[in-house]
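Visitor: All chains should be modelled from the sequences, with the hints used to inform the complete structure.
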Amino acid sequence: MTVSSGSKVEVRLPSRLGFEKVAMSTAAGMAKMMGFSQDRIEDLKTAVAEACINAMEHGNQMNASIPVSVVLSMKPDELEVKVMDNGVGIETPTPAPDIDRKMTGEEEARGMGMFLIQALVDEAEWVSANGTEDQSFVRLVIRMNKENE
Amino acid sequence: MQSANKVSQQQLHGASGREVTCFHFTGDISSASKDAIVDTYHALDKATHKTILLDFKGVEYLNSSGIALVIQVLMEASKSGQTVAICGLTAHFTKVFTMVGITKYASLYPDEAAALAAL
Numbered sequence: 837m838t839v840s841s842g843s844k845v846e847v848r849l850p851s852r853l854g855f856e857k858v859a860m861s862t863a864a865g866m867a868k869m870m871g872f873s874q875d876r877i878e879d880l881k882t883a884v885a886e887a888c889i890n891a892m893e894h895g896n897q898m899n900a901s902i903p904v905s906v907v908l909s910m911k912p913d914e915l916e917v918k919v920m921d922n923g924v925g926i927e928t929p930t931p932a933p934d935i936d937r938k939m940t941g942e943e944e945a946r947g948m949g950m951f952l953i954q955a956l957v958d959e960a961e962w963v964s965a966n967g968t969e970d971q972s973f974v975r976l977v978i979r980m981n982k983e984n985e
Numbered sequence: 303m304q305s306a307n308k309v310s311q312q313q314l315h316g317a318s319g320r321e322v323t324c325f326h327f328t329g330d331i332s333s334a335s336k337d338a339i340v341d342t343y344h345a346l347d348k349a350t351h352k353t354i355l356l357d358f359k360g361v362e363y364l365n366s367s368g369i370a371l372v373i374q375v376l377m378e379a380s381k382s383g384q385t386v387a388i389c390g391l392t393a394h395f396t397k398v399f400t401m402v403g404i405t406k407y408a409s410l411y412p413d414e415a416a417a418l419a420a421l
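Chains as they are written, first to last, in the numbering used here: chain L, 837 to 985; chain X, 303 to 421.
Bear in mind the hints are in silico, worked out from the structure with no lab data behind them. Incorrect hints may have been included.
Not the full set, but computed from the structure, chain L residues with beta-carbon under 8 Å of chain X [claimed, not checked]:
no. : residue
1   : Leu-853
2   : Asp-875
3   : Thr-882
4   : Ile-889
5   : Ile-935
6   : Met-939
7   : Glu-942
8   : Arg-946
9   : Met-948
10  : Gly-949
One side of the interface only, derived from the structure: several residues of chain L facing chain X at Cβ under 8 Å [said to hold, decoys possible]:
no. : residue
11  : Glu-878
12  : Ala-900
13  : Lys-938
14  : Gly-941
15  : Ala-955
Using N, Cα and C, we set each Cβ at its ideal position, and we do this for glycine too.
Guide: Shown next, in the form of structure tokens:
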């Protein structure tokens, strides 16, 4: 099989927890075909899973009949992943988790998904549905060679 | 769609001679794992189980909701004066646990043997 830049794969998932693993496996398979290292593939898997879970929970409110669409696009030396849902989107990413505040109960134990996404991929952009975008989405870019390493 | 997770409990001894209660997890650790992680922890007598080792060697999938359950155990254990250690994480999840600050409240060891040697 020839791996070519520009190849695109789309996966549609029911908004049901557990199905994020389908997108995660698809992304991992594509990254492997492109020659990503195993540690970059692990970063990608976690970021894609967290993006899908956020889309199911916050975007589609766990309505299993509303799909989460995941579009994976191969580009030279990078993989772009767009995860789309029917929610209103978010304006600003959540701050980094504060483990001390979590340990005292001042901050919820949950709520680390967006932080992990930002920390593990090279680009993460959240776009809300508006006049030009039909759906809210998060767009992730992961490069074969992580920046700043 | 979420795979079942299982937990088995074992009483071990650390190199210092102290008793270590080890939870071995398998399968997925996610929001559906409250029974496996939190409820199993709640079933312990906090007065007699002072050192707890969470072993993730058999875990196939772990997400932020699962990590939040681990933090919940750390929080309750801290209040009860228990020590929690963690072992068996992959290199990737060792990095993730470090990123979110868990290492401030629990030591990470590559495997059960390394953990017991230090406990």
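Visitor: Let me know if the C-beta of Gly-941 (chain L) comes in closer than 8 Å to any C-beta of chain X, holds or violated.
Guide: Check passed: Cβ of Gly-941 (chain L) comes within 7 Å of chain X, closer than 8 Å.
Visitor: Closer than 8 Å between Cβ atoms is the bar; does Asp-875 (chain L) clear it against chain X? Give me holds or violated.
Guide: 7 Å, holds
Visitor: Close enough to count: is the Cβ of Arg-946 (chain L) nearer than 8 Å to one in chain X?
Guide: 4 Å, holds
Visitor: Per the CB criterion, is Glu-942 (chain L) less than 8 Å away from chain X?
Guide: 11 Å, violated
Visitor: Should the interface hint for Met-939 (chain L) be scored as holding, given a Cβ-Cβ cut-off of 8 Å against chain X?
Guide: Where the cut-off is 8 Å and the nearest Cβ of chain X is about 5 Å from Met-939 (chain L), the hint holds.
Visitor: With 8 Å as the cut and Cβ atoms as the points, is Ala-955 (chain L) at the interface with chain X?
Guide: 6 Å, holds
Visitor: Quick check on Ile-889 (chain L) please, does its C-beta sit within 8 Å of some C-beta on chain X?
Guide: 6 Å, holds
Visitor: Answer holds if the nearest beta-carbon of chain X is closer than 8 Å to that of Ala-900 (chain L); otherwise answer violated.
Guide: 10 Å, violated
Visitor: At a threshold of 8 Å, is the proposed contact between Leu-853 (chain L) and chain X supported by beta-carbon distances?
Guide: Holds, because the Cβ-Cβ distance from Leu-853 (chain L) to chain X comes to roughly 6 Å (cut-off 8 Å).
Visitor: Holds or violated: the hint that Met-948 (chain L) contacts chain X, with Cβ atoms closer than 8 Å.
Guide: 4 Å, holds
Visitor: Going by Cβ atoms only, is Lys-938 (chain L) closer than 8 Å to chain X?
Guide: 5 Å, holds
Visitor: Given a cut of 8 Å on the nearest C-beta pair, is the interface hint for Ile-935 (chain L) held or broken against chain X?
Guide: Holds. Min distance 3 Å.
The structure does not agree with the numbered hints 7, 12 stated previously, though it agrees with the rest.
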